[in-house]
Amino acid sequence: MSDLRQYLDRIAGPERDPSTDAVDADVARGRVALRRRRQVHGLMGGALALVAVGALGVAAVTVEGPGDDRPRAATTGAPTTLESPEQTRKAEDPAGVRLVAFAGEQPEGFTIDVVPEGWEIQSSVPTTLLLAPIGLPDQDPNTFVDKIAISFQYEAPGGETPGERLTVGGKDAVMWAGEEGVRTLFVEQGDGAYLTIQMWSNLRWDTATIAEFAAGIAITDDVQRSRG
Amino acid sequence: MKVGRGDARDQEFHDFVSARRAGLVRTATLLTGGDAHTAEDLVQTTLTRLYVAWPSFRAARNPDGYLRRALVNCLVDEHRRPWRRVERSTAVTPDVEAPAAGDEPEAAGEVRRALRELPPRMRAAVVFRYFYELDIAETADALGCSTGTVKSQTARGLDRLRAALDRSVTGAVI
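Heads up: the sequence lines are chains W and R, in that order. Note that the working numbering gives residue 79 to position 79 of the first sequence, counting from 1, and the numbers run on in steps of one. For the working numbering, count along the second sequence from 1 and bump the result up by 228.
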C-alpha cells in the first residue's frame, strides 16, 4: 500500500461496529421520515380530491344551459351523478389525468411534449426532470413525493416482482410497481440505457395514459445519467 | 417477497445497518475529507433516505452501487445548501470520533487538508477509484458523470494529494 493510500486509510479510521443505540436511532429516524412523507402525501391527496370535487360541482352547474344537449348532471345537489366519461375519469383520479401540451421552455437534458393538466416543471437539471402539481408545498428538488421524476440511467429494472411490459413510442418498456403505489416506467433507449419515469401514487394513470405521457419525452445530447 | 410495512422493514433495515454502518462511516469520513462529525451526518441522512426508499433499494440489481450513489447524492446535496450545518444534535454519540490534530503525523495532516479542499465530486472520485479501487464505470455510476470526467477528476485529485504529501516530506511551504 502506498504512503498516500495508507494516509487515506488512516483518515477513514478503524471500522468499528455500531452500538445498538446508533442502529436503533437510524431506524427511528427512518420511521419518522417515512411517516412524515406519508402524512404529506395524505394531505396532498385530500386537498387534490377537494379541488377535484369542487371542479366537478362547477361542471354540474355549467352543463345546465338552455339548448345544451350534452349529458347532464343531476341538479338536485350532491352527490352529483356523472355521465360524461371525462368527468367520470376525473372523479376517479383526484390528481386529474388529462394530458395537455407543454407550452413552456424545454428543460435541459430532455424534451417533453405533454404534461398533466395543472402540473409544472418544478426543477430541471441534466440528470433529472421533476414535474409537480402547481403550488405543491414541497419545493425540494431532491424529494419526489407526489411528483413525477424523469431521469436517464443505465440501471435496469430489477426486483422479484415482474414488471408490466408495454410499448412506448415504439420502444420496449417495463413498468415496475413499488410500495406505496409508486410506479416506475423504464423505457429502453438502446445500449443498456433507460429513460425512467417514476410516478408517485397520487397519479392513478392507466397504462395507456402513462404510455402516451412517456412517448412525449425524449432525451437530448446534454442529458446526464442520474445518480439514483 | 414484497417488503411489508412496519416491523418487516424495520427488521431488514436494522440488520442492514448493523452489518454496513461501520463501512459507511469510513467511506463517509473519506468523502467528507476526514470530518468525522459531518461524516456521521452524511451517514444518518443517507440511511434515513434509504429507509424511506427501502423497497427501491431492495429491488436494485446493484445494491452497493445504489448505496454509493445515495452517499454521493447526500454529500453533494449538503454542499448545495445555501447554509451549512455547523452543529447538529444527535440522539446518540457518533461511534467514531475525529482524531485530534496533534495525534497524527504532519504528512497525514497535509493529506487530510488537501483531501478536504478537493471539490466533493473530485474527492469522491479519488476515494472510489484510488482507495476502494472501483473501476471507472462503477465510479462514473456513483458520481453520475461520464467515464472521461472520472478519469480527469481522479487524476487532478491525486495530483493535489500527492503534492500535499510531497510538501510534507520536503517541508515546502505554499
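None of these hints come from the bench; they were simulated from the model. There could be a bad hint or two in this list.
[Unchecked claim] To be clear about the criterion: a stretch of chain R counts as covered by chain W if any three or more of its residues have a C-beta under 8 Å from a C-beta of chain W, and this derived list gives those stretches:
#, stretch
1, 250-259
2, 333-340
3, 351-365
4, 375-384
[Unchecked claim] A few chain W positions that, by computed beta-carbon distances, are all more than 10 Å from chain R:
#, residue
5, N142
6, Y154
7, G178
8, G190
9, A208
10, A211
[Said to hold, decoys possible] So, partial list: chain R residues that the calculated Cβ filter (under 7 Å) puts toward chain W:
#, residue
11, V245
12, S246
13, T276
14, Y279
15, V280
16, L346
17, P348
18, G372
19, D387
20, L389
21, A391
22, L393
Built from N, CA and C at the ideal position, the CB exists for glycine as well.
With 10 Å as the threshold, tell me whether A211/W passes as away from chain R on beta-carbon distances.
holds (22 Å)
Once the shortest beta carbon distance from V245/R to chain W is found, is it less than 7 Å?
Where the cut-off is 7 Å and the nearest Cβ of chain W is about 5 Å from V245/R, the hint holds.
Does the no-contact call for A208/W survive, Cβ to all of chain R over 10 Å?
Label holds. Min Cβ-Cβ 25 Å, cutoff 10 Å.
Interface hint outcome for P348/R [beta carbon to chain W under 7 Å]
Violated, about 12 Å.
Classify the hint on D387/R as holds or violated, based on whether any CB of chain W lies nearer than 7 Å to its CB.
violated (11 Å)
Beyond 10 Å from every Cβ of chain R: is that where the Cβ of Y154/W lies?
Per Cβ check, Y154/W is inside 10 Å of chain R; nearest 7 Å; violated.
Counting residues of the stretch 333-340 of chain R that have a beta-carbon nearer than 8 Å to any beta-carbon of chain W, does the count reach 3?
holds (count 4)
Would the stated hint for L346/R survive a check requiring a Cβ distance to chain W of less than 7 Å?
violated (12 Å)
Beyond 10 Å on every Cβ pair: is that true for G178/W relative to chain R?
violated (5 Å)
Outcome, coverage hint (the stretch 351-365 of chain R, chain W; C-beta under 8 Å; three residues):
holds (count 3)
Restraint check, 7 Å cut-off on beta carbons, for L389/R near chain W
holds (6 Å)
Can T276/R be said to touch chain W, with a Cβ gap under 7 Å?
OK, holds: T276/R within 7 Å of chain W, min 5 Å.
Checked against the numbered hints listed earlier, the structure breaks hints 4, 5, 6, 7, 16, 17, 19 and 21; every other hint is satisfied.
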